[in-house]
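Using the supplied hints, reconstruct the complex from the two chains, each of which is provided in its own coordinate frame.
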Amino acid sequence: MGVSNFRDELEEVWVPKDVGELEGLLLTIQNEPGKKILKDKIQQTIEVYRDPNQKENYVWNRKNFARGWPRR
Amino acid sequence: MESSQDIATSAGVGEVSSKQLSKRNTSNRSLVVITKVISACNFACRYCDADIYSNQRISIDTVSNSIKKALDYADYIEFVWHGGEPLLMGIHFYEEVVELQKKFRRENQVIINSIATNGTLISQEWVDFFKANDFHVGVSLDGPPEVHNANRIFKSGQGSFEQVMRGMRLLKENGVNFGVLAVITKETVRLGAKRFLDFFIENGIFYIGILPQRPALNIGRTDALPREEFEKFAIELFDYWYSLDDPRIEIRELNAILDRIFGAESKICIFGGDCRGKILAITPNGDVYSCDEFMFDDRYKLGNVREQTFEEMLNPMNPKLIRIRSEDLETKKSISCKYPKICNYGCPKDRYVLSRVYNEEGTCGWCNVIDHIYKRVMKDLGKIKE
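Sequence lines, in order, name chains P and U. Mapping the first sequence onto my numbering, position 19 (from 1) lands on 19, and the numbers just tick up by one. Mapping the second sequence onto my numbering, position 355 (from 1) lands on 355, and the numbers just tick up by one.
Chain U with its partners taken away, still in its complex shape (with noise of 0.2 Å):
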C-alpha cells in the first residue's frame, strides 16, 4: 500500500515542486477551501467570534463532497482545517480526509493541508500524523502570558499560555513547522512591539502572522482594537523588526507589503487582490460562503456543496458573486489613499468593518502602516530624503 509519504512525494499532496509547477500552465485554478469541521471549542476566547457552542461535527459525507467537488474545480487546492477546534474532529477524521483527497485526486493537482489550532491538544500522535501527512500547522498565540492569558481561556476560564507552549513544544522538538497566529489586542498594545516581538524571538519562534482583533459581528460584538491603535502598534513592531535587520524572523503581513513594494505578488490574502471566488469557506452543514470572513451574513452564502458543484457556484454568471463582487467594489472607491498599487485595496471584510460598523471609509485599515513601510523603504533604497 502506498503511504502517505509516498503519496506527498509522487502525487503532489502537500509538495510543489518548481519542476512541476514550471510545466503547469499559470491560468490554471486555484481554489482555498476553508471548512469549518466543528462548533465546538475547549477555548473560550474573549474576542472569538466562531459558532462554538452550537455543537455540529462535519460528516465525512460532506467532506467528502467538498474535496471531490474542490477536485473537480481546481488544480491549486488548499484545504484550511478550521473551528472551533479542529483537532477536537480526532485524528482519524483527517486519516480520512486524507485518504478521500487521494480517492479524488488528478493526475498533478496540487494539494496542501493546513490546520489553524489553539495548540493545546497537541500530542505526539497528531505530530506523527502531522509529519507524516505534511500537514501546515498554525497555532495561536497571543504573545507572554499576561497578553495571551487576557483573552485565550479555556471555559473554566483558565489561561491557556502553559499547555500551548507545550503542544509547540512538541512541534518544535518534532521538527515540525508551524507558524504562529497573534490577535492584536488592547493587552498586546499595553505590551509594545518590541517585547512582543522578544517574546516570540526568546522562545525560538520565528513566523508570527498578526491579526488585529475584529469584532465578532457574528455574535453580534463590535468591540475591537481600534483602527488606529493597530496601525501605530504595526509601525512600532516594522520598525523594531527592521532595526533587527534579520531575515529568518518573518513578519507575515509585513514581509507581504515588502512584496507588494517590490512588484511581487502578495503571499496572503489580503494584499492579494481579487479574493472572491477563490477563498471559500464551508460550514459543517455544508453551506459555502465567500471566505470565512462573512460567515455572518447570509447574503455571502453561494450554496450548499451537498447540492452544488464549485462550478455552479463559481460561474462568474452566479448573481449572488456578482453581487458580492459588485459590493466590494463599492467599497473600494471610497479607498482614498495612494498605495493601492500596494494593497490592492486589502481585505474586503476589513472595509466592510470599518465602513459600516465604524464608519470610516476611505481605508483598508493599513494605510499609515503601508505609507510608513514604503517612505522607509525608499528612503533606503535612495529614491526618497529623509
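Bound-form chain P, shown alone (with noise of 0.2 Å):
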C-alpha cells in the first residue's frame, strides 16, 4: 500500500456545497434500507449546519467529551 497512490486521480474530492446539498443527499437515501450510519451522520451535520451557532457546540459537544475522548 503505497503513499501516494492518488496522485494520478485527477477528479477533485467532493464536498458539500451548502446545507442545502445535503438534506437532497438525505432526501435521496432516506428511503433506502440500510445506511443507517450515513443517514445519521449526515443529519448530525445537517442540524449543525442550519444553525451557524452550533457549529461551536458540535466540536464542544458534551456527548463527545463524555466518552472521556479528550479533543486533542
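Calculated from the structure, these hints are not laboratory results. Please note that a few of the clues may not be correct.
[Unchecked claim] Below, computed lysine-lysine pairings styled on BS3-like, alpha-carbon distance capped at 25 Å:
#1 LYS35(P) to LYS232(U)
#2 LYS379(U) to LYS17(P)
#3 LYS36(P) to LYS375(U)
#4 LYS332(U) to LYS278(U)
Being a predicted model, the structure only gives us computed values, none of them experimental.
See the structure below:
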C-alpha cells in the first residue's frame, strides 16, 4: 500500500457546497434500506449547519467528551 | 455550600448547553490543557513513551497556576488529566482541582474535565467522584486478553486485562459514561478487525478510539506498527463497522473522517486543522509544550506555567510558536494525496514521525483509509459507480 497512490487521480474531492446539498442527499437515501450510519451522520451535520451557532457546540459537544475522549 | 453538581449545572463545569453556547461569540478562545500530573505508573506497558520512572508529581501550586492562567486566557477549556497513571495522585488532589476551577472561573466559561486512566485503580470512591464532578473518563483497553496483556502489563510483568475489566464494570454499573482507547499493535492486527470489534461489542463497549502504536521517541525507541499495517487494519475495521450499520457503535477516528467528508468540523484533533496554540501539555514541573505528542523535543517547549502566562506563550509573535508553525507548514508541503480537505493534513506528530523516522514523506498516515472511506461513501450516495 503506497503513500501517494492518489496523485494521478485528477477528479476533485467532493465536499458539500451547502446545507441544502446535504438535505438533498439525505432525501435521496432516506428510504433506501440500511445506510443508517450515513443517514445519522448527514442528519447530525445538517443540524449543525442549520444553526451557525451550533458549529462550536458540535465541536464542544458534551456527548463527545462524555466518552472520555479528549479533543486532542 | 454549593455542591459540585450545582456547579456543573449552573456554572458550566462539564456542562455545555446549546443555549449557553448560542449566546456566545464563536470567535472566543478555546484551549485544551493536557496535564501530566505524575511521572509514575503502576504499569510498564511495552510501548509506553511516557516518563513513568522519575516519580515527579505536580504541586498544587503549579496546578493552581495552570488553572488560573488557562481560565484567564480562554473561554472554552478542556483540562485533560494525564500521566503516568493520573489516579495515583489520589482523589483529594482532584477535589482541590475542582475547587480551584470554581475559584478562578469567570461567568459563562465552559470547563470540561477528562481523565485518561488505565482503569485498574478505579474504586467506588473514584466512581462517586467522577459522577459528582462530571469527569469524563477514558480507559485504555487494547482488546481481548491475548492482545491487551501482550503489552499492557503491571510492573511485575503480569497482564492487566482482568483488573481493567473490573474497573470498567464499576463505571458501567454506576452509569458513568466512558470511552475506550485502544492502541493498535501487531497483536491487534494478528487478531483481525472483526474479532477486535466483536470483543468490544460483546462486552457492551460501544465507544472506541483507535491509536496506532507509535515509536516511543521519548525513550529513544523507534519500533512501531508500520503505517501500511495500521491502514490495512483500519480499512478492515471500517468495512466491518460499516457493514454492522449501527450508529450506536462509535469508532472515534472513523466517525471523524465521516464528519469531515460531510463538511463538519472534526471533533478530534488529528483531523482538526490548526492545532498549534490550542492544545498544550504541561509537565509536573510546569513546563508547557505545544501538545504532549512533542514532549520529547525541547524545541516544542513554549515556556513554564509558573513563570509565564498563556497569553505570553501563545502570542502569535512568540518566536517559538512561529518556528513550530513554520515547521508544521514545511511538513504539510510534502503531502501529496488529494484529501487534505478531509484530513486537514492530519496530525503534526504523525507527519513528523513518518517523515523523520521512517522517511515517508507525503502522508499523514491516513491517506489510504480516507480514500477507502471516501469512495465507499460516494458509492453509497450514488456519486460514483462501483
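Non-conforming hints, listed in increasing numerical order: The structure breaks none of the hints.
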